[in-house]
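FYI, in our numbering the residues of the sequence shown are 11 to 229.
FYI, nobody ran anything at the bench for these hints, they're computed from the structure. It is possible that part of the hints are untrue.
Derived DSSO-like pairs: lysine-lysine, alpha-carbon spacing no greater than 27 Å straight-line [stated by the list, open to error]: (1) LYS130 to LYS107; (2) LYS62 to LYS199; (3) LYS57 to LYS143; (4) LYS107 to LYS143; (5) LYS212 to LYS192; (6) LYS107 to LYS66; (7) LYS159 to LYS126; (8) LYS146 to LYS130.
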Amino acid sequence: MLQSNFSNLPLESGTDEAGRGCLAGPVTAAAVILPSTFENMILNDSKQLSEKMREKLRPIIEEESVSFAVTHLYPNEIDEINILNASMKGMQECVLKLNPTPEFIIVDGNRMINAKLGLKNSHGKQFSETEIKLLKSIPNQSIIKGDAKFMSIAAASVLAKTYRDEYMNAIHEEFPMYNWKKNKGYPTKEHREAIRKYGVTKYHRMSFRLLPEQYKFDL
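Whenever a hint applies, use it, and build me the whole structure from the sequences.
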């Protein structure tokens, strides 16, 4: 059973991301503050839930949370600062959107929320000194497999996954030959065969190894 709180502080936020290992599309982060009264026996790590169950949980999380935020970081930014930094930056952006500001943050994984603050890059949001100071001031804890241990991280994982899937379904209509509606941009055999046949799009991450062997794209 998922735990409700790590810090014993009422305004504790859980954060997570989705899409880190994909070849196309954004990495999507979410942060959620749940009330102490929140209970849901279905909620779990989004990877352990069916698509139907995730879609059922999304409005419940949104309606019952104290606050939530979701952020997409797109391929041009991922390519510039790398996927690990982009994943962390997405979660940082989500924390800054929360109202009220959390008193404590728990992060899925092994990296603290305030790692690599204020990266200077040409794409995406640039943090102000005030925002950097705020992020540094909030105590936080990284928790390996936290999305299977704490409700707020699990809730964040559900939001990140459903919002990202929604985005991939939309861009599927623009480039149906990659079947992103099904594979969501992950490196499936079908996706890689489509890249081999049709080349790359503006949604592909050019810093990733898109094909298993060297292959020149006509850009």
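How the hints compare with the structure:
1. For a cut-off of 27 Å, the pair hint linking LYS130 to LYS107 stands: about 20 Å separates their Cα positions.
2. For the given pair, LYS62 sits about 25 Å from LYS199 by alpha-carbon distance, which is consistent with the 27 Å threshold.
3. Only pairs whose Cα atoms come within 27 Å are accepted, and LYS57 paired with LYS143 is rejected, the gap being roughly 33 Å.
4. Only pairs whose Cα atoms come within 27 Å are accepted, and LYS107 paired with LYS143 is accepted, the gap being roughly 15 Å.
5. Among the hinted pairs, LYS212 with LYS192 is consistent with the structure: their alpha-carbon atoms are about 19 Å apart, no more than 27 Å.
6. Only pairs whose Cα atoms come within 27 Å are accepted, and LYS107 paired with LYS66 is accepted, the gap being roughly 24 Å.
7. Between LYS159 and LYS126 the CA atoms are separated by roughly 25 Å; this keeps the pair inside 27 Å, and the hint holds.
8. A hinted pair counts as satisfied when its Cα atoms are at most 27 Å apart, and LYS146 with LYS130 qualifies at roughly 17 Å.
In terms of the numbered hints stated before, the structure departs from hint 3 and from no other.
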